[in-house]
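Keeping the supplied structure of chain E fixed, place chain R upon it in accordance with the hints.
First to last, the sequence lines map onto chains E and R. Mapping to this note's numbering: the first sequence position 428 is 1667, numbers consecutive. Mapping to this note's numbering: the second sequence position 73 is 91, numbers consecutive.
In short, the hints are calculated from the structure, not lab data. Cβ atoms here follow ideal geometry from the backbone N, Cα and C, with glycine treated the same way. Among the clues, some could well be false.
Said to hold, decoys possible - Taking beta-carbon pairs under 10 Å as the criterion, some of the chain E residues facing chain R (in silico):
#1 I1516
#2 A1520
#3 Q1623
#4 A1662
#5 I1671
#6 R1897
#7 M1904
#8 M1907
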Amino acid sequence: MNSVLLKLTITGSRSAYGRLAGIAAGVAVGVCMLLLLWGGANGLNARDDRGAWLRETGTPSATYPTPPSAAADPDIDPDTDPAATSEAPTPIPLTTDAVLMRSNPVEVFRDQLINRRDFAALDTTTVSIPGVGAPPAPGEYYASPALQQLIDSTPRDELGDRYGTFAGTIDDSALPGPDSLVIVTGAPEAEIRNSGLNFLVTGFTTDPYGGNAATYTTVLSIGAIAVFFPVLLLISIVTGLGAAERRERFSTLRLIGASPRVVARIAAAETAIPSLIGAVAGVVLAVLLRPVAAQLPVNGTRMFISDLTTGWVAGLIVVTVVVAAAAVTAAYRTSRAGIGPLGVTQSAPETLPRTRRLLPLLGGLAALVLAALLSRTANDLSAQLQTPLLLGGFAFTLVGIIAAGPWLTLLVSRIGARRAHSAAAVIALTRIQRTPAATFRSVSGLVIAVFVVSVFAGASSVIETRPTPTATPGLPQPTSVTSTISTGTTTTDTTSMKDRLEQLPGIRHATIGYGAAAFTEIGAEREIYLRAEDAPSLGFTSIPTTDVVTLDMSFLDTWTTTPVPLLPTPTTTFDRFVPVVIMVDTDGTPGAVDRARTALNTSGITGTPGTTPTDLELQSSARLVQGLAVLAYLGMVIAVVIAGVSLAVGTASAILDRKKVLGLMRLMGMPTSTLRRIILQEAAVPLLTVLTLSIGLGFLVAWLMITGIDDSYTLTWPGTDYFIALVISLTLALAAVVATFGLIQRNTTPTTTRFA
Amino acid sequence: MNTTNTPILSARDLRHSFGPTDALRGIDLDVQAGEVLAVMGPSGSGKSTLLHCLAGVLTPDSGTVTYSPANQAPRDVGGLNEQERSRLRLTDFGFVFQFGQLLPELNALDNVSIPLLLAGIKRPEALRRSTVLLERLDLGSMSGKLPGELSGGQAQRVAVARALVTAPTVLFADEPTGSLDSLASENVLTLMLELVREAGTTVVMVTHDPRSAAYADREVIVRDGAISAGYRIPA
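Okay, chain E solo, but in the shape it has when bound (with noise of 0.2 Å):
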């Protein structure tokens, strides 16, 4: 190409100057984005890898006779599954290739979980605990430097005192993430036997996903879907910036006997170049933000730095791939644009959009809605379907929303224009009705970016329909904190435990429970005995009049939410019966419930952790679903602010292109506050016709995608957050709009209209 044709084209005015600077930052500002995107997604499946072995269940600890009906039972594992026998287990001893684990289903500290696994092994065991590396020492624990943290600046009784003695931290190599509550404690083998929560572990997993691999992914994969779609809109949008001043000066090109091809050629190089500066830039920019990045928690803890690598290859694609697209767009548009020695030839008016642009949404509406249908019928190929419909759906409805954008905004442009009646309305409506795709493209970004808030925001709200906990006679107490009591515990050494336990400081009663056998145990019934005269402790308020009073086992499960009567019974002592169940009754405070976990955790004779009706919050896949919908949120905030930046790229170019009307209708005395109106209106319409629809659409797309993906789950009213990210998008808008007004000031004095 003639170097001093590309000269001519990209030097010579400060306005081309300031659209190369614009397309270099917006592009900067996209591959920004797109490599910490990269970087995060990279991040995160780290993450799960580093996690993984906290996922390894191992293998029974203990073998079983076969009774000869069981054995005939091809449901019932004859050697590993207790209904198969009355007798008892026979340990199956410790190797040296083996350790003794438990896992604690619910270890909690206030409201956060903390993972805990406790080993047993020889003192010649070869097996290496992840981040360790030698099982620890009866008494002694490895933590997480997060966990380490939150025990050294909480008081010992009510977290501390639960493990023993700090023998060092876990490498951040087995950690998920610098937030990670992660804690390694060694104990007693008997100890550990006893609780009946053990398993033999020769190594550990590396599957980081296990069960919840489809509900991870397709949340990740919508995510990811979401914040990448406004990042290729803003490209899209800055690479076209001043088309129209482009236009003319390759006008003069072509007059100076320059073919087609070359003018495609030069919009190609012109791009490219602010493009290449552009993503070079935000190659640096990202490099620059990634420790900012990994502050910003996901799924609950934030990432460690060297996550969000991504190398330079990825950022060599990005580049290339980038710049390309640009390069190849800006010729394309231009060869398209008809461009001839006298101006514009072939005036190409926007083809109005037709009814037929709604497909895709309802595509991707039925594709949804498929998917929720499918979630209720229970077979392989429903499963098999069900990721790729709700996948394929909201990216159908992600595109559709986009198609069918224009088909309304003019709908809605039509019926304005019609009962328009002040200039600026005239004008604005007007120019939409005849170029809606070109007006709904600057809105596009943000109308995207409130339907993906909508669809996270009521995806969220799952967890908020969980009723919470409240003191129901009949019910475990929000306020108590139960535990199991091990095999081989006596009443002495529970009683001796109750007396501890109402010397703590917001501790207001322990009730012990009674049964024929500890839970775990062979012959474990599901009555439990307890004095009445500590009924009322758990909240009952029926009292049956005998000196001991019987309950369901199912009182202790704190999913129920029947309430279970206390029964009568003619038996006055528990000489024939073992301690199976403390109950704890605390004031309420989180520092008392922690202290009541901690004395029960640490007492020795336990054989589950001290639980609150609570904790089950903690571990619902609706936590999963939420703490994923972090993920989608700080999408959200990246969509927003592209959004953002789009609208504003979007309606500068939309002032620099038609300057000299501008500035005409200034000159016939067209005040500038009329011109500012027509510029809102011009953003408004389309952003409010769509972002109406964004929003129901987002919610209708929640409701479909979380029913699709658990049934059980229903929708309500999303959280505060949800309205101040509306409120903070709409003001975004308002902002992107409103920091054009000086353009309009400056591009559009009457004297831009020329005169001769």
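Showing chain R alone in chain E's frame:
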């Protein structure tokens, strides 16, 4: 011609420069009410700058432009603030340019009605008045057409209608037929002048075409930022 002795526009010692270039070097000019004045001169002589200063588009570096419409107190155009000058251009002045500069998205009727809407006229009334004017300019059948669908002459007549729809006191025209062939030029000028003479509108028309200037009552020639000659054109 419908002139009086009171100049509606009066420029005194008008000076304006663009950087080191003096565009106007002390121009004195009176424009009588109802007069059609042609301003001629070669390219770069300063005639467009003079028009800008007279119309309040540019503020002269020094000198005054006094606008004295009938029954109103004289006003120094250069001394008005931006808002006042915008208002003056909207209510008292009209403009026609070499290229119609119509809003491409609006049809002819809407283009003409915009100044009326800006002046606060209700849309139905604005459309009614615009329709009447378009019919006077033989464009009744074109009112629904977009600028891109009109010929050069038709587009220029729509621009004339837009300039006159508010019944301005002064019409500023800058090479109004510069982009037209001679037949279309004659057509536009004839119709435009017919309307302005009927309404008693004052016209200041910049042109380099002697045939266009011949339609005026008087012409002045600007050369190097100063008026070098002035002629009254015989009717």
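Which hint numbers does the structure go against, in order from smallest to largest? 1, 2 and 3
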